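Q: Here is how the chains run, residue by residue.
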Amino acid sequence: DVKVTQSSRYLVKRTGEKVFLECVQDMDHENMFWYRQDPGLGLRLIYFSYDVKMKEKGDIPEGYSVSREKKERFSLILESASTNQTSMYLCASSAGWQETQYFGPGTRLLVL
Amino acid sequence: AQSVTQPDIHITVSEGASLELRCNYSYGATPYLFWYVQSPGQGLQLLLKYFSGDTLVQGIKGFEAEFKRSQSSFNLRKPSVHWSDAAEYFCAVNNNAGNMLTFGGGTRLMVKP
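Heads up: the protein sequence lines correspond to chains W and Y, in order.
Once you know that position 22 of the first sequence is 22 in this note's numbering, the rest is easy, because the numbers rise by one and skip nothing.
Once you know that position 4 of the second sequence is 4 in this note's numbering, the rest is easy, because the numbers rise by one and skip nothing.
Since the hints were derived computationally from the structure, they do not count as laboratory data.
Where hints are given, some of them may not hold.
In silico DSBU-like cross-links for lysine-lysine, where the CA-CA straight-line distance does not exceed 30 Å [claimed, not checked]:
#1 K13(W) with K71(W)
#2 K70(W) with K18(W)
#3 K13(W) with K70(W)
#4 K71(W) with K53(W)
#5 K53(W) with K18(W)
#6 K61(Y) with K3(W)
#7 K112(Y) with K49(Y)
#8 K53(W) with K3(W)
#9 K13(W) with K53(W)
#10 K71(W) with K49(Y)
#11 K49(Y) with K57(W)
#12 K70(W) with K3(W)
#13 K3(W) with K49(Y)
#14 K71(W) with K18(W)
#15 K55(W) with K49(Y)
Since the model is a prediction, treat every value here as computed from it, not as a measurement.
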């Protein structure tokens, strides 16, 4: 079974803090993704990566950056957290283009 | 740009009743279509997917979906709902030029005993 893990289930941060969300997959997948999930809006793609050190912007990259130094790990960084970044963050991975995306359990982030 | 609409934000059905969740998409070519389910506190799990071929697709947990090109729809169905089906359901479309999924807003299903 594919396993995608996220470092935290819940996080509480203060406005202006730098926040790191970590995601690890154990299936040697090429592609990894970060989404945010908000009620009524479904999931929106923030960034994705198709290889180590490669990244592409998704639909809502503003205020976020990412890092992929190793194939199995994809980090989402909030350089200076703001209250409008309070959300559920989901990581996913897939073996390649048009392949199924497998999701982690999510990190619920609250920015005060 | 592609888009996905799930017209029903909430649906309540009685246990044992049939279920249909609606999904409409907007995309110029033949899309790749997915249904995911998210149980409380969990990530998303793939229920089924349509890439090509037979327009009626069988998935896990007794779910099926039918692709109707003329209606730009990919509705999810289950003949008899169980209490454990209470969850949020997401329809998604993948442009077949890449691996970027566009999700609908989700439908929250509640099941009455």
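Q: Are there hints from earlier that the structure breaks, and if so, what are their numbers?
A: Checked against the structure, no hint fails, so every one of them is satisfied.
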